[in-house]
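Okay, here's what each chain looks like letter by letter:
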Amino acid sequence: MPSHEPVDVLIIGSGASGAAVAWSLADTKMKILCLEQGDWQNPTDYPSNGRDWEARQFNDMATSPNRRQLWSDYPVNDDNSPIKVLNFNAVGGSTILYAAHYPRLHPSDFKVKSLDGVADDWPIDYHQLEPFFAENDRMTGVSGLAGDPAYPPQKTSPMEPLPMGRSGRILGEAMNRLGWHWWPSDCAVTTREYEGRAPCINLGHCIAGCAQGAKASTDITYWPAAIRAGVELRTRARVREITIDNATGMANGVIYYDRDGVEQFQPAHVVVVAANGIGTPRLLLNSKSERFPNGLANSSGLVGKNLMFHPYASVWGYFNEETDGNRGPPLSLWSHEFYESDQSRGFVRGYSWQFGRGVGAIMEAQQSFASGRLPWGAEHHAVYRKLHNHRMNIAAICEDLPEEHNRVTLDPVLKDANGIPAPKIDYTLSENSNRMLDHAIARATEALREAGAWDIGVEKPIRNGGWHLLGTARMGSDPTRSVVNDWGRSHDVKNLFIVDGSIFTTSGGVNPTSTIQALALYIADQMKQRLATLFD
Amino acid sequence: MSKAAAPLPAWGDPILSDAEKRSLAALCARMIPASAEFKVPGADDALIQADIAKSLDRDAAAVHRALAQLERISGGSLADLDIEKQEESCATLRAEGGADLTALGRIILQCYYRDDRVMISLGMEPRPPFPKGHTLPQGDWALLDPVRKRGKIWREV
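As you go down the protein sequences, you meet chains D and U in turn. Residue numbers are given in the numbering used here: position 413 of the first sequence equals residue 413, and the series is strictly consecutive. Each number in the numbering used here comes from the position in the second sequence (counting from 1) with 536 added on.
There may be inaccurate statements among the hints.
[Claimed, not checked] DSS-like cross-link-like pairs, simulated, lysine-lysine; straight-line CA separation at most 27 Å:
hint, chain 1, residue 1, chain 2, residue 2
1, D, K113, U, K688
2, U, K590, U, K557
3, D, K113, D, K155
4, D, K415, D, K288
5, U, K685, D, K155
6, U, K575, D, K386
7, U, K688, D, K155
8, U, K688, D, K111
9, D, K528, D, K494
10, U, K575, U, K557
11, U, K590, U, K575
12, D, K460, D, K386
Hint data in this document are derived by calculation from the structure and do not stem from the laboratory.
When you get a sec, could you build the whole thing from the sequences and use the hints?
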């Protein structure tokens, strides 16, 4: 098998966390290599450049890898889950396709056992991450408005918020009448020139890649800086397994398939896994050896277990007044009114809302066709005109508590193009999640009715809603109850680090990318502070 | 030497037969008829039909199955039935529903609602989002004053 010169640090995955770690470690002047199974994206190829921009989100830019089936994708057996896995495989990973809604976890999210008696506390807290949240906001280019009473007061954003729009005003006025919290979201979208990036021009199609470059995917934020600082990024390199020196029990490199499908061995002194909450356990479970027969870093038996998705409910309403439709970033307002625990609601923990401005013309037609709202025949046109650009939606992101039966394993049959076993997902909604979803739907319906909605639609849970892949290599102080320690190092393998969403101890109830990246920067900082004793 | 046929994509044959095209056009005419009131063509318009025929993509297999479902319901080609029978067959198709019909509907609608004439009728500019983008009202964040006045809602640890 061809081999390469050893590197000091080998990072697997170039998405949200891998990019942040690569950039942060670059100032050590170590030899750093990142292996990425996908390739660079060309913004001129993004859907917003063409008339088929809405159609492509069902085809080559679909959020589901099983639908997309690009050469860079691996299949996921999610038949046994009501929520389907979404991701993207490229330089930038799933930040290419995310909506760039960018809240942080709350301080309470790190201490759910102490506060509410459920799950486990994280071994770190919000205030330890706070400087890394701020550093990440600067690198990413975050827009927002300081002073949100849902967060500690020190939180600020580098840029002013995205426009409120018609939709925001209608919903904001309704939320005020109800006395409920709402606020302009932190968004990883520029609202003015920022570090060589142009401001948002309201293409309205943040998901599926930003042709303007206003949305912060890591291929245009961290990677240019990391590469300038000397990091090597090798694309079309799909890692099959992490290899071990059986004498020392330390990781000594990886075996990967190059762009021609040829096996390669890449030696490394430190391995950092950043392949997301599905890809990371898949890789660890596929890295079996005499010393680690149940998969790497898996003495606790918890690799792949405690998968958390964030069950979503979507509630949408139709209004007489014209809304924004797709004429702006879809997400730019949130509410954390029901975020913190209140036992009187019948469930523990809580959820956030993200307000949706509306949808595009084709999406409206397709969804209303599927729901039966849009008739066939002569009535079609008149009804459609009442729906098009007259919709707003509220999506509830529910905290998903860790349960070991929700898990990622290796599929015994399904394999990717290189013959690597595909991940298999087993997941059920808990009773707590069901009650939380029902509460969120009832309150969102109330908010939309207050805003003037004359018709309401509901999806519970959002089937294609597995954007957030968390918890499958959890962080903790107890090696029997966790996979990595409080600074991301594997309990079992002292030169193996995990930095992606799989290390979340609990999920919180917000989009996780900001916290994933702050965690990655925190772990990189810990590694730098401990370089002399990194393997002790 | 004969040239080997190119393998079909994993998601099915992207080409509709002539019979399938006839049924599809008849279905589209029932589904979205032309409207003089709104100055729009029907979904059976030749340009829209041509767009549909080249846009099956990852739904190709589902579209073939949905058209076969329609043929079964119609007892042959939908296009050969009188209008009343066509309406009955389409109502049955919609009542039976299913993922294949959803996929077929998605293709028809995506091609219909990106047609220039239809977009203009809806007050839209027939163009891609980039590079012109859109404008939105900035709004007045003084609307947040009641939220500010209420004060902190985050939970101390």
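Tell me, which hint numbers fail for this structure?
none
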